[in-house]
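Peer 1: These protein sequences, in sequence, are chains A and B.
Note that the working numbering has the first sequence beginning at 1, numbered continuously upward.
Note that the working numbering has the second sequence beginning at 1001, numbered continuously upward.
Worth flagging that the hints you see were computed from the coordinates, not collected in a lab.
The model shown is predicted, which means the values in this text are computed figures rather than measured ones.
Between beta-carbon pairs, the in silico distance windows are:
1. A/I70 with B/L1676: 22 to 28 Å
2. B/L1681 with A/T101: 27 to 33 Å
3. B/L1676 with A/D95: 18 to 24 Å
4. B/L1652 with A/L20: 43 to 49 Å
5. B/L1652 with A/D97: 31 to 37 Å
Calculated from the model, a selection of chain B residues having no Cβ within reach of chain A, i.e. all distances over 10 Å:
6. A1022
7. A1029
8. F1080
9. A1202
10. I1207
11. T1322
12. F1463
13. E1530
Cβ coordinates follow ideal geometry from the N, Cα and C atoms, glycine included.
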Amino acid sequence: MGGGITLNDFLVLSLIIFSLGLVTVLTRRNAIGILMGVELILNSANINYLAFAYYGGGKYDGQIFAIFVIMLAAAEAVIGLAVVLAIYQNFKTIDVDAAETLRG
Amino acid sequence: MDHPIAVSFIRLIVALPLLGAAINFIAGAWLQKTFGKRAISLIGCGVVIAAFILAVRAFIAMLAIPPENRFMLDDLWKWFDVGGLSLDIAFWLDPLSMVMTLIVTGVGGLIHIYSIGYMHDDDAYWRFFGWLNLFTFAMLVLVLGDNLWLMFVGWEGVGLCSFALIGFWYKVTANTTAGNKAFIVNRIGDLAFVIALFSLFAGLQSIGHATLVTREIARYAPLLAGVPLNLAGYQSAYPLVGFVTLLMFIGATGKSAQIPLYVWLPDAMAGPTPVSALIHAATMVTAGVYMVARLNFLFSMSPFTMEVIALVGGLTALFAATIGVAQNDIKKVLAYSTVSQLGYMFAALGVGAYAAAVFHLMTHAFFKACLFLGAGSVIHAMGGEQDMRKMGGLRHKMPVTFVTFMAATLAISGVPPFAGFMSKDEIIWQATSHGHPVVWAMLLIGAGITVFYMFRQVYMTFFGEFRGTHEQEHHVHESPPSIAYVLIALGALSVVGGFVMIPEFIGTFKPFEAFLDPVFSSEVTRRITEAGIHSHATEAAFGFVTFTIVLIGWLVSDLMYRQHKLDPARFSQMLDGVPYEWVYNKYYVDEFYNRVIIQPYMFATRALAWFDSNIIDGVVNLAASIIVFLSWLSGLFDHYVVDGLVNFASNLTLDVGGRLRRLETGSINGYLYGLLAAVMLILLVRAVARA
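If we strip away everything but chain A, and leave its shape as in the complex, we get (with noise of 0.2 Å):
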């Protein structure tokens, strides 16, 4: 199939950028570099989604799958920012280390 671009590609692509979702995620202390770490994790995915719908049959079950992700990860930005937003009216700070009042 065109360009010599196999399925292959795709997922180290998609490894790639989840693995830099993860270290943003995991290593980010700003809740807002934390949300955009979580994005890359959820574009990962998507990408394997569409890389498995076109080499897997040309179905449409993984675009769809794509579709609901992408709201999905809209629904969460909006959610996850209210929460950042409240966090910042309480503590001054967005930084997650901070709000740790629920420590045991």
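The hints should help you fit chain B onto chain A, whose structure is shown.
Peer 2: Structure of chain B alone, referenced to chain A:
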């Protein structure tokens, strides 16, 4: 005897004194405060005098009835009906209870009147008359009750009143102790009496006549002849009647102060003098004599019991007379004299001279009441002094008391023709004629001693010089009319009261014996009473012997205490004064009882108390200690094991929780790293598992 005349007035004779007692006890204090002592006197004496009038009317009515039908019955209501025994509250009048009723209400009434003057200064005037009336009631129940249980109710009732009246002046401990003594000693006799009643009932039941009604017992008594004693299944060869009568006699020795239970009577003199006269001389103490005479048909069936009664009576007559010789208390002399005279009555009963015993009971009631009341008059005049050594020469100052006292003294001494001569001579003669020489000898010597101590008393009290204090001499006066008239009445009775039964060798005038004859008419009694010698010449000779002894007794007394030609001290010094010591100390009988009965008893009670407080309490305390120790152990278990488990569970939870909370860091990064590590671990495990 079988056809009683139904009447309804006997209940009044009994109820009137009860009514008086009820009024005096319930409202007496109030009446006395509101209307004065006069009201109490009116009620207290009125009821007894009314009862006496009724009794006299009954007596007149009875005389109009032919002798064999002289039996009136007043049946009130059914008392109880249990276990085959059915008894009524019923009162009967037959010649014997008629005589007793006349004595109790007549002499009793006189003593009630006497008490008006004697007790006038006492604050508890109403209480005195209440008890006196209650006593009269109880005595009438004893005498008139138609069955033995009702008689026993009266028997106990008079004991209670006696106890209360001996200790009437209860603020002095000695008086209450004397009351206790009388009560407790009487209990011994009463126990025997109750056992006798039970045994008698059991015996009558076994022959098919379950009853305790006196007239029915009289009818069935002959059937008991030969019936052996059967005590709670234990069959004995001893005849039932012998056992019953012996126990009844023990009961009589308690109530009538015979050896060995006489010791309470001298101490009973602690009570007011009218009480001594009424209860402890004239009426209550004769209850035993009455009981034996009443049940003569039973006693006559047991020759052994009769022998015992005669001997105990004779011995008591002599024994108590000798004690009377050395007493200095004017009332103590009379007390021992009473014991002695009761001995005469029992001796008469024992030899089978029932009529003579009842006759002496009556004359004794007259002259002994007179003596006691005379002594009371003297004590009253002397301001409470009872020691004869401090009296003397009172005959000029108290002429009425002296003359009546003298009449009664002559009567008790048995000087003809005074009442005591008729009755006592009859008893002494009957003892001989029925073949009891030992009893006769004791009674004869006793008669001599009686004269001696009675005249000793008269001489010490009324003759010679006054030996009291100057103050007392000034105070001595003749007693008030209520006392004096009673003394005159009783003194007169002491003189003429004996003419109803004149010794046969003088004349054949014996209406008293004839009147009582229906009571003593059972076959066995007839056999005993009609036995013996009937020679007038012999009787006259023995009467002369008795009179000689009486004269000797008087002569010795006269020489010693009036003419002072013989010194009593020299006699008391004979044999180193040992006999005198013994007599003076009443033969140490009280000490003997104290040593043999009371002290061992007290020792036993103390030993038992020690046993109780040390052994029984010790066991109880030990048990308590063991329980305390066990509960302490149980407490330890609870504290350390049960509580320990609960605390361990809670502590464990707290500890684990405390440790686990550390995991909740609140740091999102921490959680994420954990999540990652877990995913990596799962992947690793799966890879390893697959490989």
